[in-house]
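Chain by chain, the residues run as shown.
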Amino acid sequence: MKALRKLFDNIKPLVEEGGKFHAFRSLVDGFETFAFVPNQTSRKGCVNIHDAIDSKRIMSFVVIALLPALFFGMYNVGYQNYAAAGTLADSTFWDLFIFGFLAVLPKILVSYIVGLGIEFVVAQWKNEEIQEGFLVSGILIPMIIPVNTPLWTLALAVAFSVIIAKEIYGGTGMNIFNPALITRAFLFFSYPSVMTGDDNVWVAQESIFGFGNNLPDTFTAATPLGEAAVGNAVPCETICNAITGLIPGSIGETSVIAIALGALLLLFTGVASWKTMLSVFVGGGLMGWLLEGVGGNQLEWWHHFVLGGFAFGAVFMATDPVTSARTECGKYFYGFLIGVVAVLVRVLNPGYPEGMMLAILLMNLFAPVIDYFVVQRNITMRAKRAIKK
Amino acid sequence: MAKLIKLRKGLDVNLKGIAALETNGVKCPGEYALMPDDFTGVKPKVVVNEGDTVLAGDALFVDKQHPEVKFVSPVSGTVSLVERGDRRKLLSVRVKSDGNQQSKEFDVKGDVKTLLMESGMFAFLRQRPYDVVANPEDKPKAIFVSAFNSMPLSQNFGYVVKGQEEAFKAGIKALSTIAKVNLGINVEESATFLNDVPNCEVTIFDGPAPAGNVGVHINHVDPINKGEVVWTLGAEEVIFIGRLMQTGRVDLTRTIALAGSEVKNPSYAKMMVGQKLTTLLEGQIDSAASLRIINGNVMTGIKTTSDGYLAAHATEINVIPEGDHADEFMGWIMPRFNTFSTHRSYFSWLLGKKKEYVFDSRVKGGERHMIMSGEYDKVFPMDIYAGYLVKAIITGDIDRQEALGIYEVAPEDFAIAEFVDSSKLELQRIVREGLDILRKENA
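Taken in order, these protein sequences are the chains called A and B. To convert, note that position 248 of the first sequence is 248 in our numbering; the numbers rise steadily by one, no gaps. To convert, note that position 292 of the second sequence is 292 in our numbering; the numbers rise steadily by one, no gaps.
Take these hints with a grain of salt, some might be off.
[Unchecked claim] Cross-link-like lysine-lysine pairs, in silico, DSBU-like; alpha carbons within 30 angstroms at most: (1) B:K27 with A:K44; (2) B:K303 with A:K12; (3) B:K440 with B:K391.
[Stated by the list, open to error] Covered stretches of chain B (chain A as the covering partner; in silico rule of three or more C-beta atoms under 8 angstroms from a C-beta of chain A): (4) 179-192; (5) 329-336; (6) 342-350; (7) 380-388; (8) 394-406; (9) 411-423.
[Claimed, not checked] If you want the footprint, here are the derived chain A segments under chain B, 3+ residues with CB under 8 angstroms: (10) 39-48; (11) 53-59; (12) 165-177; (13) 315-325; (14) 373-382.
If you're looking for bench data, these hints aren't it; they were derived computationally from the structure. Remember, it's a predicted structure, so these values are computed and weren't measured experimentally. Backbone N, C-alpha and C fix where the C-beta goes; we use that ideal spot for every residue, glycine too.
Please model the entire structure based on the sequences and the hints provided.
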């Protein structure tokens, strides 16, 4: 530890203004603040002591909360491949997991390298510290895309969302839309064939380093939600699998149980708002109940919670503090409307089997309006008080 | 029976080194200093020269805009230094004490306001909006006094006022001739004489910090609207006025709480405004260690040095480790059991409320944009959207600041919010600058 401290102390003069390697200031700074809590003491005229919480800690805990869903996703990638090839009985847990791990790892790497790369450059350019926001987005992105998404489209989408959805607004804390969802939306609209396409995107089709099976080119597998969208009934067995997560789908979103573990951590630490999370389920449940049986809809109201990205979106996306409503009262409306719109899109729009992404992005846009009305009530109260006097 | 107001929002942090309820004597050192920076919003004009002889109660400087508001010497002696900084900014006026306190005699029969201005007492009055020294031309709708400080390591006024009850009552009586006086007390104090001080309206506040802030009291009792002015005064400063009314002399003696984890024997000491801290701290701190000595409270006070002078409004001196060489490894993931946090990602929620924590002055994180929502509101017991107000100040939107209630707040009201902020924004500085700009615009 002392050696590390010394190393940083030696490197630092080189990257300061005028130093030989000034171009790497943000990089060194980023690594130093990760290795050591900054020794910066509070300035004159400010509060002299501080709570130990900082945005690094918060973001790290969101990443930890995502890990169960991520690891399960890796396992499920293997499971789907082996199940499709019919070799499930001859394989061990580790076969499945390692195959899934190898299939998912490149996506995580591409997401982090492209995203953090841009963040480092922007931080250097603006002479700021690296912002931790992308730590979360970077792990979220591989979890909400199908396993067969080509890496180059992923890289393009990440670059687009980090620059257009985040940095041009001023970075983490200033963005209007959730960057991870913008990445998905970019892929969804620009490369529809790799996102839903011919139903051949959901199951990994090629073996990696001897793990997994090569599936025939013509192999397809639809998600249960996709089946439901074309009017097919969803068998009870599928619903059970959807709760454990053994269904085709985007990498991290399938298991309700793994997501629930993450939700518990987020709620316990207070990183995510229970108000938002609960309201999403209330809104979605209510809308699902109203639309039961409408237009050939085969889903019962609670099926919406376990299928597709509803639970994942409610727990990890809708609760993003930056892009959600910021007033406590507004969070109820914000969450409720996400649930309503998500189910509305699912049931009534045959073009899109999944409505969660669009619902959250739509409500990201309306969150400031919701807050406006809440804050305006306080303003009106103050104005009235002045007149009454 | 006084009205009881319960406050839910806020935060009590249990810091190590609370002052024991005993008062030690402190040797009077030779030099005293009065610092204009303690009197926010004042443009000082020095009215003495180096070498002049002054009595306690003689003016050292006055406010340029209101020369009738005087800032007086706490002791008798000779003016030893008029200290100026960059661009001739007045930093302090120092007086070398002659050892036998001689005071100017004031006639207490006449108009109270004139007397207060003449004797330097008016300078301690602050006004809202803007949290600056009160303007004598205003007609305040009320004067608010908070008789308790809820911040960690703060002075216990219930202890300090013992033996000075009559002076306190006399002070309140004098103030009540200017405007209606509202006195805010806490639950413990409601069992003492403070519950029925005459000539004022008493309200009991029950809740965590910042329940003792006078701004919180104003917001709950009689909120400020645009165009209205409220004056505020520290509880010990009421005693100053009381002493003046009783004896006709200026006596700026405070009972200071010397507290903090780095103080060997945390206790109270009698000190005068402007007194040098050296004698107070002698034998009480380890001079070799890297310490932060705070003129005032750990939440709101100003960093000073061991040869600094007691600030005009300071009711305590807090000493904590500076911590600039802590080098904590991988803080973002370590359990950090001895670290306090309101956040459940640390373990202080497990260790109970009785555990005493040692804080150093590190910010413990980098400054970010406002990321989490609702953090400030949890510790901001006023009917104001603190986060939105701070944003309006940052963006310089004056109309919105007004609409969101900037006239009701002072920087100190944001101290706890600044403490818990995970984005590490310097809220008190932001609010202070916002108020200064607003005052200039509205002038």
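Each hint, compared with the structure:
1. Between K27 (chain B) and K44 (chain A) the alpha-carbon distance is near 28 angstroms, which keeps this suggested pair within the 30 angstroms criterion.
2. With a CA separation close to 28 angstroms, the supplied pair K303 (chain B) and K12 (chain A) stays within the 30 angstroms bound.
3. Taken as a hint, the K440 (chain B) and K391 (chain B) pair is honoured in the structure, with Cα atoms around 20 angstroms apart against an allowance of 30 angstroms.
4. For the stretch 179-192 of chain B, the proposed coverage by chain A is not satisfied: 0 residues have a C-beta within less than 8 angstroms of a C-beta in that chain, short of the threshold of three.
5. Residues of the stretch 329-336 of chain B with a Cβ under 8 angstroms from some Cβ of chain A number 6, which satisfies the need for three, so the listed coverage holds.
6. Counting residues of the stretch 342-350 of chain B whose C-beta lies closer than 8 angstroms to any C-beta of chain A gives 5; at least three are required, and the coverage claim holds.
7. Counting residues of the stretch 380-388 of chain B whose beta-carbon sits less than 8 angstroms from any beta-carbon of chain A gives 5, enough to reach three: the coverage restraint holds.
8. Note: the stretch 394-406 of chain B has 3 residues with beta-carbon separation from chain A under 8 angstroms; the three-residue rule is met and the coverage holds.
9. As drawn, the stretch 411-423 of chain B meets chain A at 7 residues by the rule of a beta-carbon pair under 8 angstroms; at three or more, the given contact holds.
10. With a cut-off of 8 angstroms between beta carbons, the stretch 39-48 of chain A has 10 residues touching chain B; three or more are needed, and the interface restraint holds.
11. Interface restraint, the stretch 53-59 of chain A with chain B: holds (6 residues with C-beta to C-beta distance below 8 angstroms; minimum three).
12. Restraint check on the stretch 165-177 of chain A versus chain B: 5 residues with Cβ-Cβ distances below 8 angstroms, three needed, restraint holds.
13. For the stretch 315-325 of chain A, the proposed coverage by chain B is satisfied: 4 residues have a C-beta within less than 8 angstroms of a C-beta in that chain, meeting the threshold of three.
14. Only when three residues or more bring their CB closer than 8 angstroms to a CB of chain B does the claim for the stretch 373-382 of chain A stand; here the count is 5, and the claim holds.
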